[in-house]
Amino acid sequence: MPKRSDIKKILVIGSGPIVIGQACEFDYSGTQACKVLRAEGYQVVLVNSNPATIMTDPELADRTYIEPLTPEFVEAIILEERPDALLPTVGGQTALNLAVALSEKGVLDRQGVELIGAQIKSIRVGEDRLLFKEAMREIGLETPRSGVAYDFKEARQIVREVGYPAIIRPSFTLGGTGGGIAYNAEEFEQLAKRGLDLSPAHEILIEESVIGWKEFELEVMRDLKDNVVVICSIENFDPMGVHTGDSITVAPVQTLTDKEYQFMRNAAMRIIRKVGVETGGSNIQFAVNPRDGRLVVIEMNPRVSRSSALASKATGFPIAKIAAKLAVGLTLDEIPNDITLKTPACFEPTIDYVVTKIPKWAFEKFPEAEPLLGTQMKSVGEVMAIGRTFKESLLKALRSLETGRKVGSQKLDPEQIREKLVVPNPDRLLYLRFAFERGISVEEAHQYTRIDPWFLQQVREVSQLSAGLRGTDLGEISPPQLRQAKRLGFSDQYLAWLTDSTASEVHQRRQSLELRPVYKRVDTCAAEFESFTPYLYSTYEQQCEAEPSERRKIVILGSGPNRIGQGIEFDYCCCHASFALKEDGFETIMVNCNPETVSTDYDTSDRLYFEPLTLEDVMHVVEREQPEGVIVQFGGQTPLTLALPLQRAGVPIIGTSPESIDLAEDRKRFGRLLTGMGIPQPPSGTATSFAEAAAIAERIGYPILVRPSYVLGGRAMVIVHDNQSLERYISEAVGVSQDRPILIDKFLEDAFEVDVDAVADGRRVVIGGIMEHIEEAGIHSGDSSCVLPTYMVKPEHLETMRDYTRRLALELRVVGLMNVQYAIKEDVVYVLEVNPRASRTVPFVSKATGVPLAKLAVRLMTGRKLEEFGLEDELPVNDFFVKSPVFPFLKFPGVDTILGPEMKSTGEVMGVSDNFGQAYAKAQLSAGSVLPRSGTAFISVNDQDKPNVLPIARRLHDLGFRLIATGGTRETLAGQGIRVESVYKVNEGRPHVVDLIKSGQVDLILNTPLGKDSFFDERAIRRAAVQHNVPCITTLSGGAAVASGISALQQNRRDVRALQEYHRNDE
Amino acid sequence: MEAVLALEDGVVFEGRSIGARGETFGEVVFNTSLTGYQEILTDPSYAGQIVVLTYPLIGNYGVNSEDEESRRPFAEGLVVREATDSGDHWRLDSTLPDYLETHGIVAIDQIDTRALVRHIRRQGAMRAAIASGEVDRKLLVERVRQTPEMVGRDLASRVSCRQAYRWGKPSVDIFASQASRHSSKADGAEPPIRLVALDFGIKHNILRLMVDSGFEVTVVPARTGAAQILAMDPDGVFLSNGPGDPEPVAYAIRTARELIGKKPILGICLGHQILGLAVGGRTYKLKFGHHGGNHPVMRMQTGQVEITAQNHGFAVDISSLPESVEVTHVNLNDQTLEGFRHRHAPLFCVQYHPESSPGPHDSRYLFEEFKQVIRQHQGQGGSSFVWQD
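If you're matching them up, the sequences are chains A and B in order. Just so you know, our numbering puts 738 at position 738 of the first sequence, and the rest follows in order with no gaps. Count along the second sequence from 1, then add 1067; that gives the number in our numbering.
Wrong hints could be hidden among the right ones.
Claimed, not checked - Calculated pairs, SDA-like style, for lysine to any residue (alpha carbon to alpha carbon, straight line, at most 20 Å):
hint, chain 1, residue 1, chain 2, residue 2
1, A, 985, A, 959
2, A, 825, A, 802
3, B, 1354, B, 1155
4, A, 342, B, 1355
5, A, 225, B, 1456
6, A, 225, B, 1370
7, A, 342, B, 1191
8, A, 225, B, 1188
9, A, 668, A, 737
10, B, 1329, B, 1293
11, B, 1352, B, 1193
12, A, 153, A, 110
13, A, 3, B, 1370
14, A, 342, B, 1188
15, A, 121, A, 139
16, A, 9, A, 110
17, A, 985, A, 936
18, A, 225, B, 1431
19, A, 855, A, 869
20, A, 9, A, 40
21, A, 342, B, 1293
22, A, 342, B, 1401
23, A, 225, B, 1397
24, B, 1354, A, 936
Stated by the list, open to error - Computed far set for chain A versus chain B, every beta-carbon distance over 12 Å:
hint, residue
25, 342
26, 527
27, 629
28, 928
What the hints assert, rightly or not - So these bits of chain A aren't anywhere near chain B, every CB distance computed over 12 Å:
hint, residue
29, 290
30, 349
31, 367
32, 388
33, 644
34, 645
35, 694
36, 795
37, 802
38, 871
39, 915
What the hints contain is simulated information worked out from the structure, not anything from laboratory work. A virtual CB, placed ideally from N, CA and C, is assigned to each residue, including glycine.
Just chain A, same shape as in the assembly (with noise of 0.2 Å):
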């Protein structure tokens, strides 16, 4: 069927910031759809309230929003721009949900704005467990036992027929947030009430558990025309009871018949029928037993999802670029394969190797939560790899996480192996190998894990060959062994560690054997057609089809996996870089494990290498490519310490010098640096005990900032008041040694943040943004609310950052991007820290200053000079535009939301406005922090606090705001004349402060740390508006910027303006 003609204008909606659950897949899955109905010729406007997406670039909608995605502010988008059409399923749940109010509330009719690609329908069937139920039962599929209660006597009755354990699911919440598993009536009443708290409907679904059974998701598509065709199987290693988004995936499945798994298909395309998906992808999800084969049906989501992010990587094949040129009418027989070109999107993908994904947590940034797994995710991240083995791509996603852990450098008895064997955690695997190191059975194995015996078998010969190896000497090792082990996916790391030699002994070896690795294409056919699309893994096989081209080249380095302190800004910059270089006339070559990514589209790049991040692969890469250039500032920390050792093996590095990055992170030479160019920087030491810490901090004071020197991102560091938690901190949480020094800082308590973007190209600086962060020092710049331009900070302050910024950018020769970090205090201007790399503001700064830094850099890499670009010396930005953060708090119950120098959120949003209160205000909304308009304010600061509290009291009463505090805060205001209530503390009597939060009396609450007495109190306060989704302020600044936001708010203005207009004015 022809595309259709009676629409012209579709609005897309994004998927909001990263959050556990719904991270960078939806960038990709957004940024193809509005590439492809571009192309189609149809108007796309784009809304989604993150920055860092390369689907908010201005380049790739006609126009582009970004605003908080509630009903009020899109409504206020369709308002102004009248679409035709609006595509909710490739923006994740936020989007399908969104469409649904938009609808309820009457506005897709009264604007005459159509669905496309779902219908309200089958948004509720999919979304609704009940409705879902019914519809599989009416097709004759299965689905466990259950039913679903609006209250907990409701619940309990239905878990009396259902039996324990039971699994507890939250109606309409975000990747299964607060559902569990209870094995008695005490878990059960604590989660049903939770669930039932936290779903909007109020609605939980309580289950019979098919936990152990074997888990299997099938990626489906549906025209117009009724064709539906499987795309991707996969198959969960871990078994039914680890969330599937925190589970293992193979794809594709390994453990099936045919005649189950066309039953499984059969299925699968009976619900997609049942469900009324008429166009686009839907991901189903199954339960088997594995002892009759018996197949429930889990769930269904109508939308591009996780897992169609991971199927289009581990296929070839988009389904969000497909799914949205089936939702304005094409049909899959006239949709060619990009890949093959002559044959049609209408077919199966057949895959000729291995996809495993692999999970990446966070939980060393919580540490009171526990590290178990459940249904309800808790990953950040993930990595995927392709070898033409399971064994093979299950230890490249293994060294893709960068975890750097070992399977044997522990000593555990048996007891504790069987329990974390039994308990699913992110380190099962490694002791699974463990275990197996140490001669358990498969069927022992199978008893705890309840992993498919196939998986445990092939397991097994991984640890076999280790422990085979183990203690061999390297020379010793025959060319055959080698070459076993080499195809079995070990690193050359793994095989030094092995034999007590080096890496690059190893490498020798093979050098000196001619083992090396070839590459081969992901095809969608398994070779049956020529593929078109250098889209490649390595594998140590015969044949190598890379084919590399005689053009001028560049491999840009990705970030890796996703995680806290690094994640979607780092890949925006890659995909930059690789956009900017190919405009530039270069074969641009990416370097990516990540399967969520825009840059691991294989759309991005000239060419695409799939493969982990480590020296080793990517120097692989390097020999088979022959480039001009690498590039190792975009991708974050990963690829940056690869820079060195790329360099010494004689790999020419683009950009600012490996030297320079490594001097900027030497804190010794870099302290040199900055007082020989007489630039202030806190006082500071290096001690390696706790006799020589505490010297330190004789000499400079406290508090002081505290952190070990071998981890980076802020890992473990802390703000230290004295030298008891000093000895604590040490002794407790990191240890000191001669290898293993920690640093030590001057706190500078109070101080204003201020960050600096800047590109440089070894002669001319130019400033991108200058960034103040709403929330004090002593908070991780990444957790930090920042605003641009600055409103607080003195012209003279600013002057002296230009200067330093410019000093220090030629200084260290700095060719592409730079971001430092400043403090103010008492009117000096201190450098915390510097980083000639991209930052994580680099995306926030581009969509604020209309001028995309990343690609600007990267020609400055390859050697164009700034004044081509005829810049000014600072850019411009004319209106308000802030950046807040967004945290997993809700994902780890118990854990304290009490912010730090470590990193803890997930995601940004970007709130833009003429006025800094509504850009606050907005990018509040767009955080999920509903800022109150009215109502009770609940106080209680600090003593230092207690002075500047006043101003920012006086304005919330002004506002209208009936104000409650305790004791000392109270007597404060009451002491200024302003009227406040008085309120017990936890301790003090009922109804206290948390009574009055989860009785929904309280709105807002500003609560400064009052330090260690008071601490359990404030956890408690902070715990329970997490959960009753209060805004909880722990600042000053933070509360003055809350107050003009609510001052905003008051005003009830939705204003929305497209990037695109912003920058038409800049001009």
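Please build the complex by placing chain B on the supplied structure of chain A, with the hints as guidance.
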């Protein structure tokens, strides 16, 4: 033990011997299905061929008695990247390597099967041998070159049954506990339709699905003539799948020609090619054939696409078809003929495998359609046939 795969053009791959020891010869072809290695091995259409499976891990779920597509494996040999030890699948009877050994199938693994597939894609299907142990490679290649080519060989009579037999087994419900299977099972109320199936290498799943649809099936040897069949007075005649080149199966082409218009006829795969020749079309050898479970076929009547299972090295030339037939199905990958029907006689046939074991079940409506055609034919009392679309 080591083994080699030697191709007629002199290319030799080294690997590891799995299954039976010794040597085997045949035409090497690749199959792109992700599942169903046991069904593939036991498909008689693979007689004379060594099968390369493109999916690298083969053996994961072992073998079982229900997935046999004929009385024994017919493939001459098997080439895979890695033969894996099976886990403990609930349907498992034996491991794949044991099964291969029991049935004397010579096989090889640890081969760069993708390199092999690309070679075949470029050079075309070719003769080959697998040999285990110490091998004189040059001599082996020489011997490969002396084996007969596929073109011109009648393999159907080699794999066909020797005597007629009744087939009464329906599909196996592997999930016996599951209530929701097989809505199309014969309910006993309708009288059975008597079918004669000409066996050129028939797959059991065709027979099972025929029974499921309410047919009473008698399987007869490939050389059974039209007169004999008419003497049995069946309600319909089925021409089965089978190995190799249709042209040398001249006796069957003659039989088919004599039956057209007299009895409703359905043909699958080789049966389709025989009917193509019987109506006056031409057949030719494809470069490397269609073997897999993901081939898109458009059903011309509806414009819808079926994902089909395929296994053929020869095809009917779409441009050679006479006016008397119309094209019903076309392969979207290469626009080759996938099905046609006679304009005035109750005859239709498809090149692909609607019984699809292994493969998708998208095309199983054809068995019901055949039943309807027969009923309609019966209703019209043998007068000129008009399709009711």
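Q: Could you tell me which of the hints above the structure violates, numbers in ascending order?
A: 1, 3, 8, 12, 21, 24, 25, 26, 29, 30 and 32
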